[in-house]
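Each protein sequence line maps, in turn, to chains A and B. FYI, in my numbering the residues of the first sequence are 1 to 468. FYI, in my numbering the residues of the second sequence are 469 to 1586.
Heads up, a few of these hints could be off.
Capping the alpha-carbon separation at 30 Å, the derived lysine-lysine pairs in DSSO-like fashion look like this [claimed, not checked]:
no.	chain 1	residue 1	chain 2	residue 2
1	B	Lys521	B	Lys836
2	B	Lys571	A	Lys86
3	B	Lys1425	B	Lys1365
4	B	Lys836	B	Lys571
5	B	Lys524	B	Lys571
6	A	Lys86	B	Lys1365
Hints listed in this document are in silico derivations from the structure and should not be mistaken for laboratory results. Remember, predicted model here, so these are calculated numbers, not experimental data.
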Amino acid sequence: MTEPLDRRRFLRACAGIAACSAPIGETGLRLLVPAPALPPGRGTPHHPPRARSVIFLYMDGGPSQVDTFDYKPRLQREHGKPFGMKMEPTQFNDNGNTLGSPWRFAQHGASGQWISELFPALARCADRLAIVRSMSADFSEHTNANYFLHTGVGIQGRPSMGAWIGYGLGSESDELPAHVVLHGGLIPPGGLDCFGSSFLPATWQGSVFRAAEEPVANVQRTEPRAELQRGKLALVQRLDALAGERTGHDAQVAAAMRNQELAERMQLAVPELMRLRDESAATHRLYGLDDPDPYTRGYGAQCLAARRMVERGVRFIELTCPKIPRVDRWDQHSNLARDHARNAHAIDQPIAGLITDLAGRGLLDQTLVVWTGEFGRTPFAQGRDGRDHNPFAFSAWLCGGGIAGGVTHGVTDDYGYKVVADRVTVHDLHATILHLLGLDHTRLTYRFGGRDIRLTDVYGEVVRPILA
Amino acid sequence: MPRLVSRRPRAAALLAVGLVAALPAQIADPLAFFETRVRPVLAERCVSCHGSKTQKSELRLDHGSFVRRGGARGPVVVPGDAAASRLVAAVRYEDVDLQMPPKGRLADAEIAALEQWIELGAPWPDEPVPEAAAAEPAFDLAARRAAHWCWQPRARPAVPSVRDLSWPADPIDLFVLAALEDRGLRPARDADPATWLRRVTFDLTGLPPTARELDAFLADPASDARARAVDRLLASPHFGERWARHWLDLVRYAETLGHEYDFEIPNAWHYRDYVVRALNADVPYDRFVQEHVAGDLLAASPEFGPRLHPDGFDESPIGTCFWWFGDQTHSPLDPRQHRADRVDNQIGVFGKTSLGRTVACARCHDHKFDAIAQRDYYALAGVVKSSRYALTPLLPPGGHRDALGALAELRPALVERVRASWLRRAPSVAAYLRAAATLGERPRRARGETDEAWRARQAAYDDSVAEAARVAGLESRRLRAFHAALPTALRDDRGHPFQAWACYLHDPEGWPARWRELRADCRPVDARPTDAVVLADFRHDGYDRAFVAGEAFGDRPRARDLVAVDGDGRPVVRARTGRVATSAVESLRVQGSLATRTFTIDRRYLWIEAAGEGTRINVVVEGFNVIRDPIYGPLKLVLATERMRLHRIDLSLWQGMQAYLQVHDLRTADPSDENDYGRPGWVAVRRVWLSDRAEELDSRVRPACVELLGDRELTGDELASAYARAVEAAVAAWQPDEPDPPAERADLLAFLSRHRLLDDTHDDPFLRLVRGVDSAIAEAACVPAMADGDGLDEHVFVRGDHRAPGEVVPRAGLTALDSDPDAFRAGSGRLALARELTRPDHPLVPRVLVNRVWHHLFGRGLVPTVDNFGVLGEPPSHPELLDWLAGTFVDDGWSLKRLLRRIVLSRTYAMASVHDDPRAAEVDPDLALLHRARVRRLDGEALRDALLVLAGRLDRKLGGASVPVHLTPFLDGRGRPERSGPLDGAGRRSLYQEVRRNFLNPWFLAFDTPVPFSTVGRRNVSNVPAQALALMNDPFVVEQARRFAERMLRAGLPDRGARVAAMLREAWGRAPERAELDAAEQFLLDQAQVHRADLDDVAPWADLAHALVNVKEFAFLR
């Protein structure tokens, strides 16, 4: 599928291929501005993109903003005292007093970004990060909030942003899916639907890869020897060809035949992709693959695999969190100090390594890295030593393609409880991600159930102050 | 858009008042103040959303008149009262529901200026009103309806005339041919018989034709061979399975709720089997729709009546399960929002499925394009919200009248049998009490105690019980029961008949004093003023406005004791005082539920006076029925008490919301709940009320034990004998149908029975007989159906925001369909809705259905947007044919089978998928004109089933519980089932593979089985490498291919050539050609060589089988 087709042939192929992925026929092509040559499945952006790929570092469970990127001295001062603002109802309604952060904050880099001591390695990348302290979400329950973060709607079954992006821009790889989830051990609450394609064609659903021998389902042949499989596929091709001679080839059947060739290539490409031992010892160290903590090593492997995917043209890569025994994601309703530290240690060096490596290879300019949870945590205690869910304010950061480094955006109140200035909603985050990829979130639409549906529903504004 | 709830009244602005109250006087010139301090703030921070261009929430802040008028949610400024002004609340950001400007708070000085301005009376200079924004054209429903085809009455078109009269076989063909001839096209030639048979067999049953079926068909020279083949397929039970899957796509069928824990929807699969049965029985589609909308109400309606399952129960209610297959979160902070979203999903599915209309588009505003008003949406929302989620037992009409009648006849004899045996035993109570008193406290496991140590202590206890029994000449088992039933903890329980005994046990020395205290404990009846709002009082002779379902609760509250036998044939006696709503009198096996009317939570506590075992009471707030921790756990009571007690539920989190109380005595537990109920049980409820009182005094004047034992001196030594006499007296006086026996006597009998302190151990033949009669009461399955609640009209939610209720809209169907709200007054109105939908002249329902059928048979509907007949959908390619089919369908008694038979026997359906005129593809590239058959890929279900057929592995059993999902390492996350299902799904058809929302079968996902979130009448048909990879490498496919090969090796075919030919023919449903046979044979030889195997080995044959299912012809229908 490397030879370019002319546009007419392409349109015809699409109409057949996705058989009635009618949508592509119906509306999908609306966003393809006329272009002389378009290889199948490769869309054209609405405007010049600043980034080509996205690495989405999803922090499952909701990290605490006031312990990571949103420094609140007042919280420390009033630690243990009754909370100074009105408390909204929370998920567990077991609310205690003001809980100061157990971690020290310091300013880092030339930009002087405030980052807590939870992230010593990441802090060295401070000048590359745009920290958004004014995120807010519409839901305070994990699953709704997860669906919301991933799909823009707080209920199950909408296409995830990775699917939207694939649908909008197509794939740049002939051998790998455009949308990959690197499974670190935790599938977020809500399950695989966080990565689904819903009414968009199945092509764009997230393929779940494990950092393992068989990274993705069905990519390993079952035949004991390659020769045996080659023989089978040769027979299949021969019989398909004979059938074509009898009846002529339908476009769909032809597409299925091409898929088989592609699948054959994927069998080689995917294991090669995950062969991290091909990387140098220095690279391994950079990503924390020599760390004594197995979860740091695990997340490091995911980060390294993510870079290799970026190199191979994968469009959207989501990393899910490691499953650390007795640590419930970032969801520290209790044991905040112990478990936030464990989580942070697992991801800190790997992420810093990823940013450094991408920059060193000249890939950071075309790769957008996004770090966020589905919501934040309360500045007051849940029980003795935990924090409950807080959708009113949380922190995220972005770096890489099109992002201004060293910027802090948005303001929360003195406790870090609620946003008071420059609110960034999840829709705004989506709009911004699409914008950096060259897509206008108001024009990336798909007709379903009689409506032109968008990732951002009827909301969303690009967060311009964090753009380079 | 902020969606989080705040339950706090908007008092925040009060804070501001203190700050600003003193200021106005200092402002000399209010208008100047406005111009310098206020107008700039409004202009810069507000008017971009609330000005001439946009008026969010219908609010403008660019002129005084607009400011005073306010917005969609009412006034925003109360001149002179900043604290009462919503504008101030909004800018102060105190309320998470209402924060303006949304992107960031104003500066404190700006906020203060706005407050001061309002305190000054919100002055605005006299200036011309700015021009109104160009008004959007008013919503004109009638004009829109007149303009769009789908609302128009169906035509009764005459069949068109055509030039080529030799081609058509059915009127359908005339319509198709006429359109082709119009464009100068000819239909394709007929498909060859094998192709046609494969096509029609998959289309009607979802399975490939077997070799035998193919042989028989090809050898049949009769002119009606096709008709007989179609009749055979329509009569096959697999027909219902195939078409049920199409229907399940519409109703987003799933067996779990998704979200964090993926809780199960109890017995969802009964609905799936119901659809299969209905399709196989060719239940008329109008009846099928009626059952979906109001199946729970049909049996009682003379107009409709029940529809009986072969086992005798009315199965109509199962249709209503479809309303509840949506996803649900488990602990919403704002149940109103959750409900609004869920109702939206329900209306969306209902509208798309039955009407082919996206009614849900009108949730926030009048439909942008279609003749559907926002009022229409809320009229339907009222219907949906007036209906409740109800686990409903499937009962024969009239219930188990015979068995219950027989039990009633046996009752007096049973009572006497029990009484006689209890009287015999009553004197021994004294001895058992005394022996139990020697045993000390029962052992309880200590924290951190090892299993070993704990077992040792238990064994020691057993020994001591046995020893004490031996010494006293008692039964060890019974002594243990006495000991267990009478802990000293009862000593503070005034209502307990054995309170005195527990006091004595606790402190024998202090007994005389304690007994004096107990006798002196005489409380006045609680005469404090009460704020109670009584929701139900069942001491009266009638259920008043409560809703009763099933047969357990009878038709009125009863003052009769429960006297029954349990599953082990032992007597169960629960004596009562006065009338109660009770679920059991003669049998524990009857099922049913009772619900109060809907009430508004306007007191802090709900009080319930109830007793029961193995049963449950739920408070359902805003229709939310996943009653679980965190947050919702306190809304349930799992009953385990034989005595009437007061139960208190704290409702402070849900003030102002709508709720009702639901009392369940059902055999199906809610599987999302870990509590053990759902056993045969019973429940009795006396009263339910709301109150702010945290404590309600017990209405008992004196302790129960004093009433029982008498107000007289009793030494500790006399106590046991006194109890024995009291027991004897109580048993002797027991009249199970006495209306108002003393409570302490009833409680004593219930206590003795519950702990089996007096039961005989021997096997009584009479009790066995009663148990035999009792067991005729079948364990009816419960399904998650609908039940009518109070008919409550809904408000329009302004801009779809449930916190902004607008006008109330009477319940009704769509205005554009001439729905009559007056018909909806009774109950929820669903019965009226069902009636309206199935009018024979309905413009949409029959059109939508025949179009769906057409879509499944041709890969494209006459209206391609099968779920959207609206303005944004596509118009019909053959409008006359659509109407003709719809009319014929209704005339044929809404029979799906007759419709299908007609279409698949048409010449149109029989066309080949190739056309020899190259111009045809130019004129009709997307086959809208049907100039040839469309090549269609089998869907994931059919592919999988076909593999099982080839493998000889298909289990053709119909129905039953689903096969658990086969879990792979890629299926992970919360709610992951503990056990994985088998790789091959136990050989059951794809239809029977479990649909767990969070663990959807990857095979089906790869092949476009829709995610169950809303109606999908037209699946995506994607074509992706994952599909090729699955066919190449999925262990399931490899396993079936191997079985296919093994089967063919055993098939007794004469030689290799015959075997190869048979395999190709089975895989593709047609005779192979020479070149194909040659290629396959050569492959076998080559492959055997690589395997170093000979041709008797299965390996090369398994490889051939695997290759054959990878050939595209296997996966595509030509």
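Here's how the hints hold up against the structure:
1. Lys521/B with Lys836/B: OK: Lys521/B and Lys836/B at ~19 Å, within 30 Å.
2. Lys571/B with Lys86/A: With a Cα-Cα distance of about 20 Å, the restraint between Lys571/B and Lys86/A holds, given a limit of 30 Å.
3. Lys1425/B with Lys1365/B: 22 Å, holds
4. Lys836/B with Lys571/B: Roughly 28 Å separates the two Cα atoms, so the pair holds.
5. Lys524/B with Lys571/B: Answer holds: Lys524/B to Lys571/B is near 15 Å, not above 30 Å.
6. Lys86/A with Lys1365/B: 64 Å, violated
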